[in-house]
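Novice: In case you want the letters, here they are:
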Amino acid sequence: MTDPGSQAELVRHSLRRRYRKERRFRFYGIAAIAVALFSLVILFTDIISKGYTGFIKTTVTLEVHLDGELMYLNDASDPDQIAMADFQAPIIKALQGYFPDAVSRADKRELSRMTGSYASNQVRDLLKENPGLLGSTRTIEFPAHDTVSVYVKHAGDPGYSIRLSEQQQRWTDELVRKGVIDNGFNDVFFSNGDSREPSNAGILGALVGSLLTMGITLVIAFPVGVAAAVYLEEFAPRNGFTDFIEVNINNLAAVPSVIFGLLGLAVFIGVFGMPRSVPVLGGLVLALMTLPTIIISSRAAIKSVPPSIREAAEGIGASKMQVVLHHVLPLAMPGMLTGSIIGMAQALGETAPLLLVGMVAFIVEIPDGFFSSATVLPVQIFIWAGSAEQGFVELASAGIMVLLAFLITMNAFAIWLRKRLERRW
Amino acid sequence: MQTVDLLPLVLVLAAVAYGLAYRRSRAVAAPLGGIRNLQALPAYYAARAALWCALPALVILGCWAAFEGQVIQGRVMASLPAELAPQTDGQASLRLSQISNLAAGKLNPALVPEGVSGAATLLQELREQSSRFKTLLVILVAVLGGTFAWTRIAPHINARKSVERILQCLFFMCAAVAVLTTIGIVFSVIFETVRFFGKVPVTEFLFGTSWSPQTALRADQVGSEGAFGIIPLFTGTLMISAIALMIAVPVGLLSAVYLSEYASRRVRAVVKPMLEMLAGVPTVVYGFFAALTVAPFIRDLALMLGLEASSQSALAAGLVMGIMIIPFVSSLSDDVINAVPHTLRDGSLALGATQSETMKSVIFPAALPGIMGGILLAASRAIGETMIVVMAAGLAANLTANPLDSVTTVTVQIVTLLTGDQEFDSAKTLAAFALGMMLFMVTLLLNVIALKIVRKYREQYD
Amino acid sequence: MRLGTITNPMNSDVVKEMDMPNLKEVSAPDERPAETVIEPGKTVGMPFTANPRFQLRNVEVFYGENPAIKNVSLDIARNEVIAFIGPSGCGKSTFLRCLNRMNDSIDSCRIKGSLQLDGQEIYSPGRDVVELRARVGMVFQKPNPFPKSIYDNVAYGPRIHGLANRKSDLDDIVENSLRKAGLWEEVRHRLGAMATGMSGGQQQRLCIARAIAVSPEVVLMDEPCSALDPIATARIEELIAELSENYTIVIVTHSMQQAARVSNRTAYFHLGHLVEVNDTSRVFTTPEHELTESYITGRFG
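Chains as they are written, first to last, in my numbering: chain E, 1 to 425; chain Y, 1 to 462; chain B, 1 to 301.
Hints listed in this document are in silico derivations from the structure and should not be mistaken for laboratory results. Fair warning: there could be bad hints in the mix.
[Claimed, not checked] Below, computed lysine-lysine pairings styled on BS3-like, alpha-carbon distance capped at 25 Å:
no.	chain 1	residue 1	chain 2	residue 2
1	Y	K360	B	K42
2	E	K21	Y	K360
3	E	K21	B	K148
4	B	K70	Y	K452
5	B	K42	B	K70
6	Y	K360	B	K142
Because the structure is a prediction, the values reported are computed rather than measured.
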């Protein structure tokens, strides 16, 4: 063998090359993390920049003279007359007050597309409730038409195309200057269900639907999951069937979620005849999907309870069931809760299986029970993202922000819970 | 009463049974010199009474609720006069909704044929009957169960043991839900798939190169040539998954390596949760991102480079799916790398190896089986991922190798075929279940292999 | 690390490597003779030599806030075999790992004092760890062959350091190292076999062969025989005696007999203090310090 001196020389000689490699390798690692974090940042900025305008609504505030003659209405308490009357006319009239030379038929049509298509309904409902207002003049705040709202919020943004005529753009500019058209906080978004008109659509229906669905999921998945975990950890005999259950749970955890939709469709709707689109059905499907997650985390929590505690309780003469119910479960509960919250957060963001069991319907009313048709937050986002009107894109982004806010809150709560209830053995 | 209202009633009855049995057991114990002379604590006698009261009643309630609708429907349909009886499933469901709307008073009776209104009256009647009978039966069973338990309150009977046995059975049934779910999945896909293969030959499904289920809408076109060939769906799925893995595997693996080997504790504490955040973002958000931001960006970029790109390119969907899987790969690799014993690392470092040399020639080869398992799991994830592709990939089943083209996937087709109006017996609907079965089998296979590899790997170092 | 392990004396050394701070409290022996007082930094016997390979002065090691080594000064001569002995948790392994900076990877570990190898500071900022470790090799408590072939295990070091230009050179190095480790005759016909399939004693000798394949000047051995049976241990001890002709060997051991058999000098550590250093024969016949005497006569440890 060569003498140590020249060995050391050889080692020193190779060092430069090796350190270059080392640096390159380290750089790859940093680059990988940078790619991942960059994606995260891009994702969030994209959604926020697309969606913050969803929280802003564009309104047109007009002094409307509720002229009976104009509306072909002389008695607002008569339902037949209300059904036939023209409530668009006074709005156009009010706008003509700003643009007196807009009198042609075409001009009038363009004027009527300054306010949203629900504006006339707004006038109708006002008169229906207060027939006495007929003939008076009221200041009413109308939602602006989708195209006007896009123009006001996004003029100059290449992501949006402006679909207003030049005349309408001029009008809009004028009205903005006069303060007739204004931006405000979009309270409609938080108080309405879905709508065909972006300015009238809100997230509340989907939010309530999500809460109802999650309620069902929690009520089913948590007790069943915990009980299953207790059985497998504490009572199950070591035999083939127990192994089979375990293999099953591990595999179910990795089954694509859309398959659970097929299950819901074929079994719950097909065999048991459950109604479509209802929170009970969605909650059931999501519960089955979440179950493996809850079982796995609950088992981990039970495993972490030290054997000494079991031995102590058994030594006093407690039965196996008493040991479990009095000692193991309370000690494992924080871990189980944490796992369940994380599982619920997954379920809250899940979309695919719900599409298959019909929760993708267009639902305007806020659902009022476990058996009324409903949709959920992620599905609502999906529907809006696929809608043609430009205004829905910002609503979808805003919806995503609401959804993410819920998810972050849930995860933060889980972390807080774990930190707080964490026990050091 | 309706099922929903009966539930609380049963619970109230159970609570009453608990209270009565508790007092009874104390009363039984009093002359003997206190509860110490009972075989079990009063609470156990009470719990047993409550369980006896509630469980049988709940079982009956559940069965009733599950089959009530079917039975009533069958009888109502059978009552229809021959000329109104539906010929196909589609007609049947139409007729049924007509009848139930009529019964609910949402439909004007004058607008429907005579026989239908008769059926509606029958439906209403049957429903009321069923409801009355159900209520009566449930209350009866609850009371009987409670009474039985009440008679078994005696000092020599150990109620604790029977309560514990019942509880253990309940726990077991909860664990069995996982098995039932699997069985449910298998049966629901197999059943419909077999029906599908009655309409479309298996060979055509597996080896056909053209997929256009929409043409099969008309009855005379069912099973028409090449409409249900799965090959383009498989190539589409594979292409998008491959793109996703090409992003996720290197990025996930290298970031896991960096975090476990190089990063200081502070960096780790910041970066790890951020990576996990990527995993917590719902897939619909990724789908939105892919469809509205990444896909247009890629199309514009391709145009700038003079390439033709679809606005629903496979590249966009794959790219975003890759981002979604990064945290999955990195956390699995992290586990696997940390499972390599510390002594191996020390052994290599003590010889004067640099960290990257240690990583590349000692830890990596040792962790390779585990990493392979992780990649398989990630692949199964990518294949089963639905929302990103539903929103960002196309519907046209192109057989192409160009990532800038639009392709469709198995999951996209399942969702498209099953959303909206559907009849249970059309080849189009059944095809979705056949696709579901393929998807289930492929992902199951990947998972089983992956879990086996990972477990074997763990055992090697335990 | 689970608590259960710490209460098990057989495994306590595993704990020591990973979890020094905890161990300190656990292993503080109550049965320490009450009358004995350790003077910090004061070592009895002959800690210093002329022309040392290692010159270690006022070394202190901390895990977080907990001191693991308290003001230790020691010289290690060329081509001597020095044994570190002492009860569990006394810091001997920690001290050993400082000599080729294997403690670097423990975040909470801080080192003070002067540690010199051939007159150069081991812990100076410009010091190259890779080069240091190529000169100061190490053999661990548990045999840790890489999950590769026997040949690749031995060839690993020379390969990464670029010590062989040709395949035949590498073959020579592997053969030489295996011969020196006394393993050649057993494995010459199955160099391609997985190293993990060998017996524990063979694995440990392979690890020694792997360490000396880089031709280090010093070999650190951290209880190299603790996981081996008596026959394999005897084989390793013979090997140490043979190697001592060419290498400086620092060996941590739990077995006093082993220290007596293989070493020229013995250093006794106690609760982070270096209590006594002397010729091995002297330490085991007429120890100067009461604590050393208590330990070697089996009163605690």
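Novice: Run every hint past the structure and note whether it holds.
Specialist: Comparing the hints with the structure gives:
| no. | hint | verdict |
| --- | --- | --- |
| 1 | Y/K360 / B/K42 | 46 Å, violated |
| 2 | E/K21 / Y/K360 | 11 Å, holds |
| 3 | E/K21 / B/K148 | 23 Å, holds |
| 4 | B/K70 / Y/K452 | 49 Å, violated |
| 5 | B/K42 / B/K70 | 10 Å, holds |
| 6 | Y/K360 / B/K142 | 23 Å, holds |
Of the numbered hints stated above, those contradicted by the structure are hints 1, 4, listed in ascending order.
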